[in-house]
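Asks: What follows is each chain in one-letter form.
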Amino acid sequence: MTSRSFEQLAMPHFERLYNFACWLTHDRQEAEDLVQETYAKALKGFSSFQPGTNFRAWIYKILRNAFLTSRTGLKAAATVPLEPEDEEQVVPAVMETPESILLQRSDWQLVQKAVEQLPVAYREVLLLCEVEEMSYQEISATLGIPMGTVMSRLSRARKTLRDGFATAAAASKGVN
Amino acid sequence: MACESWKEKLDTYLDGELPEKEIHDFDAHVRGCPSCAADALRRVQMKRAIQTAGKHFTPSDDFRRRVQQSIASKPQRSFSSGWVFAAAFGLILVVGLFTSSYVRMHSGREQIYSEIADLHVATLASSSPVDVLSTDRHTVKPWFQGKIPFSFNLPELQTSEFSLLGGRVTYLDQTPGAHLIYDVRKHHISVFVFQSQSVNFSASLGDSSLSPKKLPFTMETWAQGGLRYFVVGDAGAADIAKLANMFKAAAAS
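In order, the protein sequence lines correspond to chains A and B. Numbering-wise, the first sequence is residues 1 to 176 according to the working numbering. Numbering-wise, the second sequence is residues 1 to 253 according to the working numbering.
Hints are computed from structural coordinates only; laboratory data are not their basis. Source: prediction; values computed, not measured. Glycine included, each C-beta is placed from N, C-alpha and C at the ideal position. Some hints could be false.
Taking CB as the label site, the calculated pair distances span [to be verified]:
#1 A:Glu116 / B:Phe150: 33 to 43 Å
#2 B:Gly226 / A:Gly144: 16 to 26 Å
#3 A:Arg28 / B:Glu156: 45 to 55 Å
#4 A:Glu116 / B:Ser60: 46 to 56 Å
#5 A:Thr53 / B:Ala223: 23 to 33 Å
#6 B:Leu18 / A:Glu15: 29 to 39 Å
#7 B:Ser126 / A:Glu15: 27 to 37 Å
#8 A:His26 / B:Glu110: 20 to 30 Å
#9 B:Leu157 / A:Ser48: 34 to 44 Å
#10 A:Gly144 / B:Arg31: 17 to 27 Å
#11 B:Gln158 / A:Gly52: 32 to 42 Å
#12 B:His138 / A:Gly52: 43 to 53 Å
#13 B:Leu18 / A:His26: 29 to 39 Å
What the simulated footprint calls covered on chain B by chain A, stretch by stretch (three residues with Cβ under 8 Å from a Cβ of chain A suffice, anywhere in the stretch; the number is not a length) [claimed, not checked]:
#14 3-15
#15 49-55
#16 61-71
#17 171-184
Required output: the full structure, derived from the provided sequences and hints.
Replies: See the structure below:
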């Protein structure tokens with residue numbers, strides 16, 4: 001496999017990797033460093049990539065590992081809430097309207113802020129599912145966690161967002 | 001099935017992850033149940049909102065150019081005579097048959113050595129090279145618990161000229177390991193510990209002391225108790241060997 005074939009496989013993911021890196025680091029300069037490091041490592045280790053397997057999961061995994069060893073990554077990982085994950089029961093949504101109203105108003109800044117505030121373990125799984133549109137299996141391979149953990153983290157992330165939207169909608173109603 | 005049971009699966013359904021045989025039943029239920037239909041709509045709205053908000057950051061053209069240049073393939077030489085190319089290709093093929101195995105193993109080894117040297121240099125160049133800052137092995141060793149999937153012994157240093165500066169989690173081949181930094185007469189030495197099975201070409205590395213090509217370091221590596229150790233630094237070969245032997249003794253105890 002040549003550096004040309006690496007370039008052909010890797011560059012289509014460039015913008016998405018950068019976007020994901022920004023969400024992980026909350027800092028554009030750090031995100032650039034992270035993406036640059038990811039491409040350098042991926043090129044160096046390209047001989048170990050098995051053709052026919054999932055290149056996207058492979059390169060995202062490299063980016064995530066590079067993030068985890070960075071100062072920001074270690075700090076973020078240390079703040080992951082230590083709650084049981086696989087055993088969690090999925091909480092059914094309660095029929096509420098304020099958050100729907102909020103979402104219908106397309107308050108993207110509020111959504112961005114809510115996603116930013118999620119612990120990194122929930123944020124990454126949510127973004128890989130919703131923005132990168134990865135399957136549970138692909139997320140499991142990328143993050144190196146079981147499928148059950150992917151599902152429980154997704155459920156927790158969504159519930160946290162729903163609760164946050166409901167609170168924000170209630171506050172907004174109070175102000176108005 | 002009660003509504004609550006359907007709702008538990010609603011996100012899985014909307015993520016397209018529900019088994020095919022359940023999708024038909026689910027569709028039928030959602031069509032006939034206003035509560036689940038409203039809930040599904042609300043969750044779809046949230047998915048769309050996250051999708052839109054999530055695609056927020058765009059790299060600059062300059063950054064794209066820099067990355068592209070850093071990975072760009074070198075221009076290929078063109079051959080004016082076809083037979084020269086064919087002859088050269090044939091020769092390479094014959095030689096390759098005999099040497100490919102050796103080259104693959106050799107380049108794999110070189111890649112690991114250079115990766116280890118990179119980790120050593122990059123860490124020392126960092127403004128904060130260690131995440132657990134302590135000279136006490138009884139502080140450093142427990143710090144790694146839960147951060148890496150194995151445990152290891154650290155040597156007793158009291159009677160030696162080495163001092164422990166601290167440690168950090170590191171990655172090789174996308175697998176986690178321990179990185180410890182020692183000091184001896186103002187030289188820094190890195191000790192890396194990984195699971196043997198996680199390091200590609202681990203078997204071919206063997207037990208060796210060497211000065212990798214183009215690297216101003218001495219490196220010693222060996223496998224012991226299912227773990228692969230690397231000791232690397234710009235200190236003299238005697239110091240590297242001494243620290244390596246202390247780790248071997250600690251691992252054997």
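Asks: Confirm or reject each hint.
Replies: Hints versus structure:
| no. | hint | result |
| --- | --- | --- |
| 1 | A:Glu116 / B:Phe150: 33 to 43 Å | holds, 34 Å |
| 2 | B:Gly226 / A:Gly144: 16 to 26 Å | holds, 20 Å |
| 3 | A:Arg28 / B:Glu156: 45 to 55 Å | holds, 46 Å |
| 4 | A:Glu116 / B:Ser60: 46 to 56 Å | violated, 21 Å |
| 5 | A:Thr53 / B:Ala223: 23 to 33 Å | holds, 27 Å |
| 6 | B:Leu18 / A:Glu15: 29 to 39 Å | holds, 30 Å |
| 7 | B:Ser126 / A:Glu15: 27 to 37 Å | holds, 28 Å |
| 8 | A:His26 / B:Glu110: 20 to 30 Å | violated, 37 Å |
| 9 | B:Leu157 / A:Ser48: 34 to 44 Å | holds, 36 Å |
| 10 | A:Gly144 / B:Arg31: 17 to 27 Å | violated, 39 Å |
| 11 | B:Gln158 / A:Gly52: 32 to 42 Å | violated, 54 Å |
| 12 | B:His138 / A:Gly52: 43 to 53 Å | holds, 48 Å |
| 13 | B:Leu18 / A:His26: 29 to 39 Å | holds, 34 Å |
| 14 | 3-15 | holds (count 7) |
| 15 | 49-55 | holds (count 7) |
| 16 | 61-71 | holds (count 7) |
| 17 | 171-184 | holds (count 3) |
This entry does not satisfy hints 4, 8, 10 and 11, going by the numbered hints stated previously.
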